[in-house]
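K.L.:
Those sequence lines, one after another, are chains A and B.
Quick note: the first sequence uses UniProt numbering, first residue 1, plus one each step.
Quick note: the second sequence uses UniProt numbering, first residue 1, plus one each step.
Take the hints with a grain of salt, since some may be wrong.
Unchecked claim - So, partial list: chain B residues that the calculated Cβ filter (under 7 Å) puts toward chain A: (1) Q8; (2) L48; (3) V54; (4) N55; (5) V68; (6) E71; (7) I241; (8) S247.
Unchecked claim - Stretch-level coverage of chain A by chain B, calculated; a stretch enters the list once three of its residues show a Cβ under 8 Å from a Cβ in chain B: (9) 6-18; (10) 141-150; (11) 177-191; (12) 207-218.
Claimed, not checked - Just a sample of chain A residues kept apart from chain B, beta carbon distances all over 10 Å, derived: (13) P79; (14) I163; (15) D168; (16) A236.
Calculated from the structure, these hints are not laboratory results.
Glycine included, each C-beta is placed from N, C-alpha and C at the ideal position.
There are 2 protein chains.
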Amino acid sequence: MARSTLYQLVASELRRTIYSGALGPGDQLPTEAELMLSHQVSRNTVRLALGELVNEGLVTRTPRRGTVVRERRPLLIHPQRELRPQPEETREAFAWAVSQEGRAPSQEIEVSIVHPVEEIASRLELPDEELAVVRRRLRFVDGQPYNTNDSYFPLALVADSEIARPGDITRGANRVLEELGHPQVRVVDDIWARMPTSSETERLQLQSGTPVVVYVRVGYDESDTPVRVAVSVLPADKHLIRYELESR
Amino acid sequence: MARSTLYQLVASELRRTIYSGALGPGDQLPTEAELMLSHQVSRNTVRLALGELVNEGLVTRTPRRGTVVRERRPLLIHPQRELRPQPEETREAFAWAVSQEGRAPSQEIEVSIVHPVEEIASRLELPDEELAVVRRRLRFVDGQPYNTNDSYFPLALVADSEIARPGDITRGANRVLEELGHPQVRVVDDIWARMPTSSETERLQLQSGTPVVVYVRVGYDESDTPVRVAVSVLPADKHLIRYELESR
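Throw the hints in and build the complete structure from the sequences for me.
P.N.:
Below is the structure:
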């Protein structure tokens with residue numbers, strides 16, 4: 001491995017003060033002049049080092065406030081919770097997870113009937129020309145746009161149910177699938193990451209250099225037919241996905 | 001939601017030709033001049049649209065070859081596999097997953113004794129001043145740097161074992177933990193994403209605009225003591241993490 005350059009060393013020391021908690025969210029880093037003095041380096045080196053931390057999403061820089069450690073309070077996503085038997089009155093998984101943390105969930109929902117794109121149609125094993133219902137949700141935490149979740153269902157399956165009607169389903173669409181005789185007994189979760197599209201950047205009000213985690217769950221019923229494909233787009237600085245597994 | 005601008009519409013049409021498979025990895029997109037003509041837009045609009053696809057990691061642009069669809073053959077990571085009983089001769093999980101796909105795994109390994117950073121020490125529940133053994137691996141697929149995996153173990157636990165000695169452990173460190181009387185019976189997996197640090201960019205030869213997925217597994221023994229913290233840094237364009245869950 002090549003030797004670190006000077007600015008990388010400075011970046012690394014600053015990173016350590018953040019990860020160690022010595023500097024917490026909202027705290028200001030020393031000024032450029034102070035860093036030049038304390039690390040005995042040029043202004044250019046200081047700027048490269050700070051640029052590195054901006055790029056990693058650790059700090060933000062504004063002319064007025066200087067360099068400030070970013071708020072990091074990721075929402076913990078527990079993909080396994082959705083699968084456990086829920087009490088009758090339970091709200092759907094996102095609202096539940098957010099309220100658990102003492103924060104206020106809300107959402108905008110839009111229900112459409114679509115020819116899904118190939119990526120969705122193939123996961124839903126939908127024959128050509130078959131339509132799907134998509135429930136597109138933009139979710140907010142404490143009034144801030146937080147993530148999106150688009151859930152696709154075969155139209156033939158859900159046409160006569162609440163899933164195909166606009167508006168929120170308080171008990172969750174999964175419960176409606178159960179009532180229709182298609183409980184999801186197995187799910188496959190795919191997780192990857194990428195840079196956001198420009199419409200995602202706008203919709204989710206992302207700061208530049210923030211990747212998104214894409215989390216796709218395909219739910220299968222007892223006859224192993226896919227009945228739901230849910231695509232979540234999670235800004236990477238605000239979400240942490242956690243699985244707990246036991247060996248058998 | 002705001003209306004899409006012209007370049008976003010062009011980007012969206014190009015994206016569809018890629019996701020649909022009409023253009024596959026290595027295929028060239030039409031030239032700027034051709035796109036101006038076919039979409040009836042200005043050169044500037046075409047460039048903005050292509051910039052968008054570069055940013056998303058879908059294509060690369062070089063003066064000589066033009067715009068080319070990127071190779072997308074993500075390695076499928078199955079975090080659950082590691083927990084299943086393995087036949088005696090099984091190789092460790094990464095090598096196994098890579099060979100399953102008919103590709104050639106290799107790695108460089110470096111074993112050190114360290115004061116782990118706070119983030120690791122707290123996950124390892126390591127008292128102050130206690131040391132850890134870290135096995136840092138840079139992994140290659142078909143000779144290309146692919147990802148890194150740093151596994152930390154309490155020094156007190158593994159000091160006299162192969163884990164604290166340099167070099168590969170063919171049967172995997174997890175097997176050695178079992179032999180030491182500390183099989184991992186429960187794991188907690190945390191997954192998030194961020195932009196890479198400059199040393200990661202260099203070490204993993206990342207193309208610009210490629211985020212990394214960070215996957216941290218903490219393994220607990222029968223007395224619920226953490227015995228291993230494994231941090232994997234997975235370039236987002238080359239990895240897909242998959243979990244399969246059944247409802248009980």
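K.L.:
So, for every hint listed, does it hold in this structure?
P.N.:
Taking the hints in turn, this is what the structure says about them:
1. The interface hint given for B/Q8 holds, since its Cβ lies 6 Å from the closest Cβ of chain A, which is under the 7 Å cut-off.
2. A least Cβ separation of about 9 Å between B/L48 and chain A goes past the 7 Å threshold, and the interface hint is therefore violated.
3. Violation of the interface hint for B/V54 is found here, the shortest Cβ-Cβ separation to chain A being roughly 9 Å, above the 7 Å cut-off.
4. Taken as an interface hint, B/N55 checks out: its beta carbon lies about 5 Å from the nearest beta carbon of chain A, inside 7 Å.
5. With a cut of 7 Å, the hint placing B/V68 at the interface with chain A is violated, because the nearest CB-to-CB distance is about 18 Å.
6. Because the smallest distance between the Cβ of B/E71 and any Cβ of chain A comes to about 15 Å, over 7 Å, the interface hint for this residue is violated.
7. Interface restraint check for B/I241: the shortest CB-CB distance to chain A comes to about 4 Å, inside 7 Å, so the restraint holds.
8. With its C-beta approaching chain A no nearer than about 4 Å, B/S247 sits inside the 7 Å limit, and its interface hint holds.
9. Look at the stretch 6-18 of chain A against chain B: 4 of its residues bring a Cβ nearer than 8 Å to a Cβ of that chain, three or more, so the hint holds.
10. Coverage of the stretch 141-150 of chain A by chain B is violated in this model, with 0 residues showing a Cβ closer than 8 Å to a Cβ of that chain against a need of three.
11. With a cut-off of 8 Å between beta carbons, the stretch 177-191 of chain A has 9 residues touching chain B; three or more are needed, and the interface restraint holds.
12. For a cut-off of 8 Å, the count of residues in the stretch 207-218 of chain A with a CB near a CB of chain B stands at 4, and the three-residue condition holds.
13. Separation of A/P79 from chain B is inadequate, the least Cβ-Cβ distance of about 7 Å not exceeding the 10 Å criterion.
14. Every beta carbon of chain B lies more than 10 Å from that of A/I163, the smallest distance being close to 19 Å; the non-interface claim holds.
15. The Cβ of A/D168 sits about 19 Å from the closest Cβ of chain B, beyond the 10 Å cut-off, so the non-interface label holds.
16. Residue placement check: A/A236 does not keep its beta carbon more than 10 Å from all beta carbons of chain B (closest about 4 Å).
Going through the hint list in order, the structure does not satisfy hints 2, 3, 5, 6, 10, 13 and 16.
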